Each structure stands twice: as C-alpha cells, then as structure tokens.
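Enquirer: Spelled out from the first residue to the last, the chains are:
There are 4 protein chains.
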Amino acid sequence: MAWTGPFTKSGKSALVAEGPWSYAMDAIAAHIICERDLLESAVPEGVKPTEDVYMYFADIVSSSPTFPELNYEAPGLVQYRELAFFVKVEFRGENYAYCPFMYVDNDVSLVRGYVAGFPKKMAVIDITRRHPMLKVEKVGGVAMRAGYRIAKLIVKPERDAESNPLDNFGKWLLYRISKPMGVAEFVEIVPEVQYGRIEKGEAKIEIGGGINDELEVFSVKEVVSGVHFSALLRIGSIRKL
Amino acid sequence: MAWTGPFTKSGKSALVAEGPWSYAMDAIAAHIICERDLLESAVPEGVKPTEDVYMYFADIVSSSPTFPELNYEAPGLVQYRELAFFVKVEFRGENYAYCPFMYVDNDVSLVRGYVAGFPKKMAVIDITRRHPMLKVEKVGGVAMRAGYRIAKLIVKPERDAESNPLDNFGKWLLYRISKPMGVAEFVEIVPEVQYGRIEKGEAKIEIGGGINDELEVFSVKEVVSGVHFSALLRIGSIRKL
Amino acid sequence: MAWTGPFTKSGKSALVAEGPWSYAMDAIAAHIICERDLLESAVPEGVKPTEDVYMYFADIVSSSPTFPELNYEAPGLVQYRELAFFVKVEFRGENYAYCPFMYVDNDVSLVRGYVAGFPKKMAVIDITRRHPMLKVEKVGGVAMRAGYRIAKLIVKPERDAESNPLDNFGKWLLYRISKPMGVAEFVEIVPEVQYGRIEKGEAKIEIGGGINDELEVFSVKEVVSGVHFSALLRIGSIRKL
Amino acid sequence: MAWTGPFTKSGKSALVAEGPWSYAMDAIAAHIICERDLLESAVPEGVKPTEDVYMYFADIVSSSPTFPELNYEAPGLVQYRELAFFVKVEFRGENYAYCPFMYVDNDVSLVRGYVAGFPKKMAVIDITRRHPMLKVEKVGGVAMRAGYRIAKLIVKPERDAESNPLDNFGKWLLYRISKPMGVAEFVEIVPEVQYGRIEKGEAKIEIGGGINDELEVFSVKEVVSGVHFSALLRIGSIRKL
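From first to last, the protein sequence lines stand for chains A, B, C and D. Each residue of the first sequence is one higher than the one before, starting from 123 at the first, in this note's numbering. Each residue of the second sequence is one higher than the one before, starting from 123 at the first, in this note's numbering. Each residue of the third sequence is one higher than the one before, starting from 123 at the first, in this note's numbering. Each residue of the fourth sequence is one higher than the one before, starting from 123 at the first, in this note's numbering.
No wet-lab data here; the hints were simulated from the structure. Small disclaimer: the values here were computed from a predicted structure and weren't measured. One or more of the hints may lead you astray.
Treat identical chains as interchangeable: a pair holds within one or across any two.
[Said to hold, decoys possible] Below, in silico cross-link-like pairs of lysine-lysine (DSS-like), each with a Cα-Cα straight-line distance of 25 Å or less:
hint	residue 1	residue 2
1	Lys278	Lys170
2	Lys278	Lys326
3	Lys293	Lys131
4	Lys301	Lys343
5	Lys301	Lys131
6	Lys257	Lys131
7	Lys134	Lys301
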C-alpha cells in the first residue's frame with residue numbers, strides 16, 4: 123500500500139500511497155518560443171532542445187484507488203498546485219517533452235514526482251479559480267520561492283480549441299538524479315490525457331528566477347498562444363531508458 | 123479605493139481594497155444541536171443562545187469591482203478557505219445567527235472581516251474540491267491551528283435540497299471588539315445569498331480546540347443534517363446596533 | 123484578558139491577548155537615502171518626507187504577562203518575522219519615524235499591529251538565524267508576497283556600534299485607517315528600546331513590489347549603513363494625535 | 123554541485139546542493155518509555171524494538187560549503203524545524219536508533235533526508251525560541267499535519283546535564299523505500315555530534331496522529347527525562363546494509 127516511507131506494517135502512514143494515481147486538473151498554460159541557445163544549459167548531455175517551450179499552472183486533485191479516503195479525510199494531502207515547464211527536445215532520434223523545472227505546494231506531490239524523476243521543488247503558487255457564479259475575464263497564475271518571483275502567466279480565454287500544444291511535443295522525458303543513491307538516469311513517461319474543455323486566447327508571461335532557480339534560460343521571443351483547459355491525467359507507462 | 127492601510131495616495135497598496143465585495147463559494151456545512159449551557163460562555167452579555175448551531179467550511183473566491191485585476195494578477199490575495207460557526211441566539215427580542223468563531227487562511231479576508239466584527243483567526247484549512255472529471259463519494263473539511271485540530275466535517279451528499287438551514291437562524295449578529303481603539307459593540311449584518319446547487323446528506327463531525335480556542339463550548343448532541351452547496355454572497359447591509 | 127475577538131467569557135480565545143507586550147528581536151537593518159519626491163505618494167496629507175529611510179527584517183519573540191503560557195504551549199502564535207520601512211518625516215513641526223509599509227508572517231502580530239495603526243500585511247519572510255556553533259559571514263532577509271519579491275537585504279556585520287540609526291528619526295507616527303469603522307487618524311507611539319549587541323557593516327538592498335505593493339516609492343540613492351542588532355522593545359506610550 | 127534535480131549544467135538549481143552538510147540546532151527532546159508491543163507495527167521485519175523511545179523538536183540551520191551563499195541569499199531554503207522519533211532497536215545483533223517517523227517544514231530538508239532514507243513528511247512545526255533578552259520558564263514544540271495534532275512536547279530546563287539520552291541508543295538505522303525506483307533497503311548512519319549546552323528537566327508529552335500518521339504506536343508509559351540542548355551535527359558515515 124506504500125510507494126515510500128514512513129514504513130509501517132499497515133502501509134497507511136506512507137507519505138505516498140500506492141497508485142495508480144489519477145490527476146484531475148484545471149490549468150492555465152502557454153506555448154512560447156524561447157532562445158534555443160539558452161535552453162542548452164538546462165538539459166543534460168545528449169538532449170537537444172528546440173525553441174518550443176510549454177508552461178502551465180495547474181490546480182490539481184489527485185486520487186488513488188488504494189487510499190480514496192484521503193480525498194475527504196485529509197484533502198490537503200492530495201490537492202495541490204503545480205507550475206511546470208516542458209521543452210520540446212530531440213533525444214536519441216525522437217522528439218520528447220523534457221521537463222527541466224517543476225514546482226508544487228504539497229509534499230505528497232513533491233516526493234511522488236521525485237521518485238519518478240520529476241524535478242520538483244516547493245513554491246507558493248496561486249491560480250485563479252473560476253467559480254460558476256462569478257464572471258472573470260482573465261485567469262492567472264503566479265509562483266514565488268526563496269524570496270523571488272518564479273513566474274506569472276495571465277490568459278484571456280477567447281475561443282474553444284481542439285487540442286493542447288503540449289501534445290505535439292512527444293512523450294515525456296525526465297532526468298532522474300539522486301546522487302546519494304547512485305542514480306542518474308533518463309526516464310520516459312507516456313501520459314494518458316482526457317480533456318474537458320480547452321480554450322485559447324492571449325497570454326502575458328513574466329519569468330523570474332534567482333540564486334537557486336536559473337529561469338533566465340527561458341528568454342521569451344514569442345507567445346504562440348495561451349490555453350485554459352481541464353483534464354484528467356493518468357500515467358500510461360513509465361520506464362528507465 | 124481603500125478600506126484599510128497601508129495608505130498610499132493611489133489607494134492601490136491597501137490590504138483591503140474598497141468594496142462592495144462579492145463572495146462566490148463552495149461549502150460543506152452541518153446543522154447540529156449542541157449543549158445549550160456550554161454555549162453561554164461563548165456569547166456576550168445580553169445574547170441568549172439556543173441549542174442550534176451551524177458550521178461550514180467554504181472555499182471562497184472574493185471580488186471587488188474597485189480592483190477586479192486582483193483576481194488574475196494576484197489570485198492568492200482574494201481566494202481563501204474559511205471555517206465558521208454560527209449559533210442561533212435571541213438578542214433584544216429577535217433571533218440572530220451569532221458568530222463566535224471564524225477561521226480563514228488569508229490576510230485580506232482576516233482584516234476585511236475584522237473591521238466588520240467577524241472574530242477571524244488564521245488556521246490551516248483544507249476542503250475537498252470536487253472536479254467534474256473525478257468522482258468523489260464524500261466531501262470533507264479539516265482545520266488546524268497552533269498545533270491542534272480545530273474541526274473536521276465530512277458530508278456525503280445524497281439528495282438535492284431546497285434550502286440551507288442557516289437561513290432560518292436570522293440576520294447575522296457580531297460582537298466587534300478592538301480594545302486599543304475603544305471599540306466593543308454589536309453589529310448586525312443582513313446577508314444576501316443566491317444559491318447554486320444545494321445537496322443534503324449524512325455528516326460526521328469532530329470538534330477540537332486548545333489553549334487559545336475554547337471549542338469545547340460545542341458539545342454535539344445531534345447532527346440534524348449535512349449540507350453541500352454553492353452560493354454567491356453579498357453583504358446587504360451592515361449597521362452598529 | 124482580550125484586546126480583540128473572538129469573545130469568550132474567559133478571554134482565552136482572543137486572537138490578541140491583552141498586553142503589555144514585549145518584543146525580543148534579532149534584526150537586520152539598513153539606513154538608506156531615497157528619492158524624496160517619490161516618497162510623497164506613500165504619506166498622507168500633512169506629512170512631509172525627508173530622504174532618510176530605515177528598513178529592517180526582524181525575527182521576533184513576543185510575550186505578554188497576561189498569557190505567558192502561549193510561549194511554550196503554542197509558540198507559533200507569538201513568534202514571527204517582520205519587515206518594516208520607516209521614513210523620517212516632518213509632521214506638525216516635529217520629526218517622526220513614519221511607517222508606510224510593514225509585513226509579518228503571523229496573524230496575532232497582524233491584528234495586534236492593525237489595531238494600533240501599523241499598516242501590516244502578510245508576507246513570506248525568511249531571515250538568517252545566527253547559531254553560535256555555525257559561522258556565517260553575512261546575514262540576510264528576504265520577503266515575498268502575491269507572487270513577487272517585496273525586498274531583500276544582506277548585511278555583513280563588520281564592527282560593533284553604539285547606536286541604531288532609527289533612533290534619530292523621532293517618535294513613531296502611524297496613520298490608522300479602518301474605513302468601515304469610520305476611522306482615519308494619526309497615532310503617535312513612543313517606543314522603549316533596550317539594545318543587546320549592535321553591529322554595523324556593508325549592506326546590499328533590492329526592493330521589489332507589485333500590483334498591491336507600491337514599493338517603487340523607495341528608489342535607493344545611497345546606502346548609509348547596514349546594521350545587525352538584538353533588542354527588547356516595549357511600547358512606552360500610544361496616543362491618537 | 124548537485125545531489126538531486128532540477129538538473130542544470132551549473133548545478134545551481136538543484137533542490138539539494140552537494141554536501142557535506144552541517145546542522146546547527148536548538149532542540150527540545152524527551153526520553154520516554156512506550157508499550158513495546160505497539161512499536162512492532164512501526165518497524166520492518168528483522169528489527170526488534172525495545173521500549174525506549176526518544177523524540178525531539180529541533181530548530182535547525184543547515185549549511186554546505188559547496189553553496190554557503192544560500193544562508194544569507196535565501197535563508198528560508200536552509201533553515202527549518204524538525205520533529206523526529208527514534209526507537210532503540212536490535213537489528214542483526216546490534217543496538218540501533220531506528221527512525222520510524224520524521225517531520226520537517228522545508229522541501230530541501232525533506233528530499234535531502236528522503237534520499238538518505240529518513241522517513242520525512244511535511245508538518246507545521248512551532249518551537250519556542252529562547253532569546254537572551256526574554257526569560258521563559260519552559261520551552262515547547264508542537265506539530266500538526268493534515269488537520270490533526272502530530273505531537274506536543276513541553277520541557278522545563280532545570281539543571282545542566284552531561285549527555286543526551288539518544289547517544290546510548292546506538293548508530294542510526296533507517297529503512298529507505300522508494301518502490302517506483304525498486305528500492306527497499308536498510309541504511310546505517312553514524313552521526314557526529316558536538317554539543318553546546320545540555321539541560322534536563324521535567325517533560326510533558328502529547329502524541330496525536332490520524333489517518334496518515336499511525337502515531338498510536340507510541341503509547342507513553344513513563345517519561346524518563348526532558349532535555350533542552352544545542353548541537354552541531356554532521357553525518358560521519360552512511361552506508362547501505
């Protein structure tokens with residue numbers, strides 16, 4: 123019943139309960155074009171970045187059939203907010219969506235991601251929640267950490283859309299590092315996404331960073347589109363490359 | 123443009139921007155019967171408690187037409203979670219819903235409430251968020267503060283309902299205290315509530331408390347009903363009694 | 123036993139217990155010279171700023187003899203971090219230290235300050251803690267709020283000093299605003315400070331701000347000195363002007 | 123320069139910078155005797171608990187010579203609070219201090235511990251900070267998570283002491299689990315501790331727990347002593363058993 127410690131014989135005290143986990147989310151995203159050369163410093167040897175970058179802020183409810191009680195007995199453990207960046211790259215002759223930076227505000231998500239290879243850190247993340255009884259013209263996300271801005275994204279949903287730009291980047295590629303455990307390896311994830319509504323529109327982006335977050339690798343040349351969508355994500359497969 | 127400091131000539135730096143504020147919410151609530159005698163110690167002189175108590179956990183998006191940009195430029199400032207208790211009381215010959223304890227997780231809400239007379243404190247509050255793509259059988263709220271549990275409420279929505287039990291308690295009565303400002307007075311609020319869906323069902327409640335939160339005044343004798351609802355709240359009128 | 127709500131007959135549930143409060147602190151501070159004209163927009167009518175500004179980050183333990191148990195039963199309620207700005211001003215023919223912006227990370231402090239007239243807001247604040255068994259060459263403070271940086275200050279303590287520059291600014295002047303309570307008035311505070319060690323040295327400052335924090339009023343022309351000190355503060359007197 | 127992701131070529135964006143890390147701390151601790159049988163459910167096969175348990179709340183400043191700037195540029199990343207439990211056990215013929223539960227309030231610490239095998243989770247932790255200018259008779263620590271109390275410990279320092287009871291438990295034993303990485307193994311750590319002042323006195327303990335924290339395994343039969351100490355900890359050696 124447990125993917126991680128703390129170990130107990132029942133398995134009920136584990137930080138990350140066993141999956142498979144589902145992730146229901148409302149997300150604010152953007153497809154942007156960045157300086158290719160700067161992206162080089164954020165990818166490992168053998169990974170060739172293109173200039174296509176996708177970023178999203180997501181408000182997420184996760185759930186596992188092995189411990190569904192958490193969703194109402196301790197909802198703070200399985201709900202969280204996330205900011206992620208994906209770079210379209212070439213690796214061993216294939217296109218991938220490589221994730222160099224990911225921020226969450228919840229420890230279950232942090233470690234659940236860490237063991238898969240997601241480069242998660244904690245940040246304070248706020249995301250506009252749309253309520254059916256309150257009109258908002260725009261939606262936004264902001265994240266901060268260590269005293270500085272991480273990123274800000276504002277999207278004005280203007281029209282329904284058929285697809286999410288991230289889906290053209292390829293399967294997901296992660297670089298899992300845990301030096302004290304002797305681990306430094308590539309991981310491939312095939313996501314399974316089922317979309318609710320997808321809307322597109324104008325986006326406004328500010329990317330920050332600081333001493334422990336070299337986000338200056340994202341120098342935005344062009345904003346292709348802003349996206350607002352809801353989706354249900356499952357991990358189709360995960361394997362070490 | 124400002125209800126409070128910090129003062130600047132533009133008014134844009136105020137902790138609480140001028141209203142009128144609207145509050146769109148999803149709430150998990152319960153109507154409970156408590157020991158009447160214990161409630162006495164949580165109300166001021168002149169206020170006579172009945173044994174009817176209403177508690178709710180609410181996930182709230184607030185918005186003011188004087189500063190709507192906050193909802194997407196800095197969404198964390200106007201979104202928050204709240205736990206409140208209301209006791210049906212008699213005061214000067216009328217029935218009121220008197221609020222002895224209220225918890226939030228946001229400073230704008232804390233001070234916006236404080237100046238009206240709401241007895242707000244900060245707590246860490248988590249509430250089940252229902253996502254259309256993820257089924258949950260039950261919804262729950264938990265709150266903690268100062269190292270101890272404040273309260274926990276789990277509701278199983280079973281049937282649509284017409285009304286919310288709080289609406290039978292009367293107008294809202296607050297006791298506004300700010301000793302260093304020489305203030306100790308009663309305030310009457312007439313809320314204007316527009317409901318979305320209201321559901322009722324079984325509720326399970328645990329009330330905690332500790333050295334700075336005398337929640338032992340709520341000794342639950344009976345749970346009348348659990349409620350799950352969405353609503354849009356505005357303050358119809360507010361006056362000093 | 124209570125300065126504020128929540129009201130209970132015992133007084134033990136109040137957010138702010140009755141004082142007099144003492145504040146033991148370790149602080150990182152700087153005396154800076156700013157553009158005088160810009161400061162105009164952060165002070166009320168009748169207050170004339172000079173170009174002298176003092177800012178500090180402080181790690182504070184507060185305590186009241188009316189409720190000393192809080193310091194070990196619920197230490198998180200009485201310990202907090204604070205960032206404040208003071209501008210040397212002229213008001214009705216006297217010099218004052220006027221406080222236009224103040225940030226804390228604790229609700230007791232927020233409301234205890236609010237009722238006196240301190241323009242407090244919540245921020246995430248981190249401050250170097252010096253431990254006797256770990257050498258550090260520099261000490262720093264950072265604060266962030268609403269997705270953006272508020273301020274950062276790094277001081278390299280180089281020599282012992284006799285005095286703290288703030289003490290030459292005058293008594294403290296606050297502008298207490300609570301529009302829904304009909305309050306907009308000046309407050310004068312005479313602080314009583316007892317110093318531990320005071321050190322001075324180089325300081326490095328970055329001031330941020332954003333949509334709800336007009337900190338661009340602080341345009342730093344010169345850093346006079348950085349300060350690192352410990353002190354015990356009490357409020358000598360407080361009166362409405 | 124990095125023990126974990128996020129990977130960048132400079133190594134500066136890693137959540138956990140390379141060590142060796144030092145930990146300067148002020149701690150409130152207790153040596154307690156618990157029901158041996160209940161402890162069985164919190165240890166893996168092959169580990170035999172005794173009835174001796176040690177718990178501590180610690181306020182910690184960590185530092186690594188590979189990235190000392192963090193201590194003043196971003197102090198929140200390297201300072202944190204921790205609550206840990208150690209059980210004296212027998213394992214393969216030797217005595218060990220086995221750690222079944224550990225809580226922190228910082229992500230760097232969480233993952234730095236996780237990769238070593240410490241069973242860390244996030245909690246909200248508050249600990250009395252003693253300030254030289256403010257007398258306190260007792261010191262306390264409280265921790266809460268997921269809506270419930272984790273633990274509370276109050277110690278009244280009464281006399282100087284020579285040693286810390288934990289040091290008689292043996293080397294540290296951890297059970298490192300990361301099922302998605304195929305890891306489930308024992309780890310032995312030899313701590314190197316240099317003490318500042320050690321004081322002993324009466325202790326008062328409350329242990330909580332809830333759906334994700336089976337702390338009912340700690341049924342306190344006797345409090346042997348409370349401890350208040352400062353120390354500098356380094357990891358002497360770490361090896362997989």
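Enquirer: List, from low to high, the hint numbers that the structure doesn't satisfy.
Expert: Structure breaks hints 1, 4 and 6.
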